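Enquirer: Keeping their order, the protein sequence lines are chains A and B.
All residue numbers for the first sequence refer to my numbering, where the first residue is 362 and numbers rise by one.
All residue numbers for the second sequence refer to my numbering, where the first residue is 362 and numbers rise by one.
Derived from the structure by calculation, the hints contain no laboratory data.
Since the structure is predicted, the reported quantities are computational estimates derived from the model, not experimental observations.
Backbone N, C-alpha and C define an ideal beta-carbon position, used for all residues, glycine too.
Misleading hints may appear alongside valid ones.
Derived lysine-lysine pairs resembling DSSO-like cross-links, with alpha carbons at most 27 angstroms apart [what the hints assert, rightly or not]:
| # | chain 1 | residue 1 | chain 2 | residue 2 |
| --- | --- | --- | --- | --- |
| 1 | B | LYS724 | A | LYS541 |
| 2 | B | LYS541 | B | LYS463 |
| 3 | B | LYS463 | A | LYS568 |
| 4 | A | LYS724 | B | LYS724 |
| 5 | B | LYS541 | B | LYS568 |
| 6 | A | LYS541 | A | LYS568 |
| 7 | A | LYS380 | A | LYS463 |
| 8 | B | LYS568 | B | LYS380 |
| 9 | A | LYS724 | B | LYS380 |
Chain B side only, calculated, beta carbon under 10 angstroms to chain A, not exhaustive [to be verified]:
| # | residue |
| --- | --- |
| 10 | GLU372 |
| 11 | ASP375 |
| 12 | LEU376 |
| 13 | TRP404 |
| 14 | ARG407 |
| 15 | LYS541 |
| 16 | ALA545 |
| 17 | SER548 |
| 18 | ARG549 |
| 19 | GLN673 |
| 20 | PRO699 |
| 21 | THR701 |
Just so you have them, the derived chain A footprint on chain B, three or more residues with Cβ under 8 angstroms [said to hold, decoys possible]:
| # | segment |
| --- | --- |
| 22 | 621-630 |
| 23 | 674-685 |
Listed here are the chains, written in short residue letters.
Number of protein chains: 2
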Amino acid sequence: MARVGLSRVVEPGDLAALKAFDGLEPLEIWDRLHHNDPDLDRWSTRLATADPHRDLERAAAAGARFVIPGDDEWPDQVEILEDAGQLTRRAGVPFGLWVRGKPNLRTVLTRAIAIVGARACSSYGEHVAAELASGLADNGVTVVSGGAFGIDAAAHRGTLAAAGLTIAVLACGVDVSYPKRNSALLSRIAEDGLVVSELPPGCSPTKLRFLARNRLIAAATQGTVVIEAAVRSGALNTAGWAEQCGRAVLAVPGPITSRMSAGSHLLVRERNAVLATNVADIIEATAPFGTSLTPHPRAPETLTDSLPTDLQRTLDAVPVRTPAPTPRIAATAGLDVPTTQQSLEALTALNLTTQTPTGWHLKTPPTP
Amino acid sequence: MARVGLSRVVEPGDLAALKAFDGLEPLEIWDRLHHNDPDLDRWSTRLATADPHRDLERAAAAGARFVIPGDDEWPDQVEILEDAGQLTRRAGVPFGLWVRGKPNLRTVLTRAIAIVGARACSSYGEHVAAELASGLADNGVTVVSGGAFGIDAAAHRGTLAAAGLTIAVLACGVDVSYPKRNSALLSRIAEDGLVVSELPPGCSPTKLRFLARNRLIAAATQGTVVIEAAVRSGALNTAGWAEQCGRAVLAVPGPITSRMSAGSHLLVRERNAVLATNVADIIEATAPFGTSLTPHPRAPETLTDSLPTDLQRTLDAVPVRTPAPTPRIAATAGLDVPTTQQSLEALTALNLTTQTPTGWHLKTPPTP
């Protein structure tokens with residue numbers, strides 16, 4: 362109950378609270394707040410109207426529960442925020458998480474990747490977000506995002522389309538449809554996956570709450586993939602949190618002519634993010650050691666590549682159709698006649714050249 | 362004259378020649394080749410028809426000269442090939458370079474970047490190659506490429522369009538128009554810039570000559586920029602040479618949905634190439650230490666970003682238009698009333714909020 366109350370009274374990631382309550386258990390904090398300590402005056406206004414029982418009822422009405430440390434569902438990994446980000450503005454472990462949806466939060470976060478990016482993304486970004494999300498879902502990875510327009514929505518939709526698990530971590534109450542036009546999407550996520558927030562029911566989003574929310578997305582997942590982000594954006598803020606939490610940071614490249622990909626390129630160039638070009642890249646960078654090896658695109662070595670140099674030079678000198686005699690091929694190849702003769706015989710044995718009464722020509726044209 | 366003759370007799374980067382002639386001066390090699398040493402038989406066929414005087418005349422007729430070590434025009438940096446690539450197939454310093462065009466080869470290579478890439482490039486690749494080449498030219502950088510279709514041609518054309526210096530390094534004689542459809546372009550390059558090859562006049566290109574040519578492009582420049590390349594391509598071969606020569610390797614990203622950008626992404630992911638998104642990136646990665654600082658895109662810090670947290674939280678809680686009284690703003694912000702009152706006064710002093718008889722509202726909507 363103290364944690365429910367604190368979730369209402371204290372702003373997410375409030376550094377003043379972290380400082381004032383350092384080392385105290387939630388119950389002690391809750392008690393102290395009720396003792397009219399003038400040092401704790403900044404929380405008095407909200408404390409006056411806080412009603413944990415009502416918040417729990419309101420949550421239940423919306424199909425939501427409150428998950429706290431020690432619960433079976435609590436995702437321990439968010440406790441990294443105890444140490445991470447002490448120098449930034451929105452730090453700290455949440456007092457608890459409001460969770461709407463059926464799956465067990467801890468279980469679905471066992472293998473989870475965040476996909477974040479621009480609201481005003483391009484159709485390329487939208488396409489790529491949906492494709493990567495589907496691919497991750499096909500590999501049993503839960504896709505976490507922020508429920509916003511653009512990349513977030515495409516990632517959620519791509520996961521749902523692949524019948525995968527997706528989690529929307531909001532900067533408002535889990536019963537609040539923000540943005541409004543995503544309300545059908547958020548309902549679907551709550552039905553098949555989870556909608557999560559550290560803010561109690563009814564809360565509206567604010568700029569600072571978005572920043573605080575980003576730390577949860579980063580901390581709860583094994584890696585954050587940025588797909589399209591302007592050079593100053595929430596997605597880069599999430600990437601910064603992932604860095605601070607020791608999580609993988611990945612960025613999807615795009616055309617250098619697109620302003621929307623500038624943030625991704627900046628992450629790779631200046632913040633050492635891993636370039637992500639496909640699902641395998643993401644799984645490789647975020648999987649526990651040794652669990653996954655990425656098959657990278659490699660063209661097959663062709664037979665002609667593995668030929669000894671003399672044979673290759675001879676082959677280069679053999680005409681495609683009109684036969685040429687050995688001495689002429691030798692001159693073109695820059696080899697002596699015996700070596701050339703020997704090479705031509707070897708090439709013919711390899712089915713690469715053909716001998717005719719007037720000389721040699723290629724059997725099939727070499728691949729360009 | 363010995364070097365002219367050797368340029369005709371020995372294939373570019375022939376490892377057998379490197380081995381047989383190790384430590385010998387060109388004149389000694391030339392003499393030895395004429396002594397019918399059976400170990401040197403492989404060069405006998407070409408030696409029989411080699412005619413250095415005729416090659417020089419033929420070059421002169423095509424407006425070309427032969428540049429050798431010690432000449433005022435000789436670009437010393439290609440001598441890195443003495444040490445680089447001993448384990449690969451096409452190594453070694455060329456005996457000399459056939460040069461067609463007016464500028465001094467050494468001078469124009471003082472500040473030079475290679476731009477290479479796919480022949481069958483996309484229009485994105487072509488556009489980017491031309492833009493980056495123009496930009497480099499505007500910065501006084503010579504743009505070096507291979508005279509091929511696609512990225513090469515776009516880089517040459519972009520440089521010429523910016524009235525910059527461009528060099529085509531060919532895998533055939535400098536008097537040979539290959540590919541045929543680029544002959545007008547090659548003539549323009551020879552007129553305004555330089556056409557260079559280690560092969561004597563009249564020589565045709567072969568697959569191995571392309572690979573040998575790539576080592577010259579890499580060695581002669583301060584860095585190689587790959588724009589669009591399949592995962593197995595000449596451009597990646599050039600990048601490999603640049604790596605071996607200790608030159609900068611850069612790759613331009615593109616859509617992950619484009620097969621043409623796969624080679625560029627591979628270079629960044631697996632071979633530590635620098636991600637190149639603009640001219641400044643390229644100049645920064647290839648300039649001598651301390652000569653250049655890249656201005657990277659950064660959005661300006663806004664006033665609201667630098668506000669203390671209490672002010673920012675208060676500002677977040679102030680309605681856009683309909684005024685709200687201090688206690689309501691305090692509750693929304695999660696701050697006590699005196700702190701909120703103080704913050705609102707400060708925000709009004711900063712011209713961010715306005716006080717009305719019924720409360721406070723924003724002066725101008727904050728930037729989203």
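Enquirer: Does each hint hold? Answer for all of them.
Expert: Here's how the hints hold up against the structure:
1. Only pairs whose Cα atoms come within 27 angstroms are accepted, and LYS724 of chain B paired with LYS541 of chain A is accepted, the gap being roughly 26 angstroms.
2. Straight-line distance between C-alpha atoms of LYS541 of chain B and LYS463 of chain B comes to about 23 angstroms, which keeps the hinted pair within the 27 angstroms bound.
3. At most 27 angstroms may separate the alpha-carbon atoms for a hinted pair to count; LYS463 of chain B and LYS568 of chain A exceed this at roughly 62 angstroms.
4. Using a Cα cut-off of 27 angstroms, the hinted pair LYS724 of chain A and LYS724 of chain B is violated, with the two alpha carbons roughly 81 angstroms apart.
5. Between the alpha carbons of LYS541 of chain B and LYS568 of chain B the distance comes to roughly 17 angstroms, so the proposed pair stays at or under 27 angstroms and holds.
6. Annotation: proposed proximity of LYS541 of chain A to LYS568 of chain A holds, straight-line Cα distance about 17 angstroms (limit 27 angstroms).
7. Taking the CA atoms of LYS380 of chain A and LYS463 of chain A, the gap is about 35 angstroms. The hint is violated against a cut of 27 angstroms.
8. Of the supplied pair hints, the one linking LYS568 of chain B and LYS380 of chain B holds, its CA atoms being roughly 22 angstroms apart against a limit of 27 angstroms.
9. Between LYS724 of chain A and LYS380 of chain B, the direct Cα distance comes to roughly 33 angstroms. Violation of the 27 angstroms bound is thereby established for this hinted pair.
10. About 5 angstroms separates the beta-carbon of GLU372 of chain B from the nearest beta-carbon of chain A, less than 10 angstroms, and the hint is met.
11. The beta carbon of ASP375 of chain B comes within 7 angstroms of a beta carbon in chain A, closer than 10 angstroms, and the hint placing it at the interface holds.
12. At its closest, the beta carbon of LEU376 of chain B sits 7 angstroms from a beta carbon of chain A; the interface hint therefore holds under the 10 angstroms criterion.
13. Proximity of TRP404 of chain B to chain A holds as hinted, the smallest CB-CB distance being about 7 angstroms (cut-off 10 angstroms).
14. With its C-beta approaching chain A no nearer than about 5 angstroms, ARG407 of chain B sits inside the 10 angstroms limit, and its interface hint holds.
15. A hinted interface residue such as LYS541 of chain B counts as satisfied when its beta carbon comes closer than 10 angstroms to some beta carbon of chain A; here the least separation is about 16 angstroms, so the hint is violated.
16. Hint status for ALA545 of chain B: violated, given a least beta-carbon distance of 23 angstroms to chain A, over 10 angstroms.
17. Here the hint on SER548 of chain B is broken, as its CB sits about 25 angstroms from the closest CB of chain A, past 10 angstroms.
18. Of the supplied interface hints, the one on ARG549 of chain B is violated, with its beta-carbon coming no nearer than about 26 angstroms to a beta-carbon of chain A, more than 10 angstroms.
19. Against a cut-off of 10 angstroms between C-beta atoms, the interface hint on GLN673 of chain B holds, since the closest Cβ of chain A lies about 6 angstroms away.
20. Here the hint on PRO699 of chain B is kept, as its CB sits about 7 angstroms from the closest CB of chain A, short of 10 angstroms.
21. The restraint placing THR701 of chain B at the interface with chain A holds, with a minimum CB-CB distance near 8 angstroms, inside the 10 angstroms limit.
22. Coverage of the segment 621-630 of chain B by chain A holds [criterion: at least 3 residues with CB-CB distance below 8 angstroms; count 6].
23. Three residues within the 8 angstroms Cβ limit are the bar, and the segment 674-685 of chain B against chain A gives 3, so the coverage statement holds.
In this structure, the hints that do not hold are numbers 3, 4, 7, 9, 15, 16, 17, 18, in rising order.
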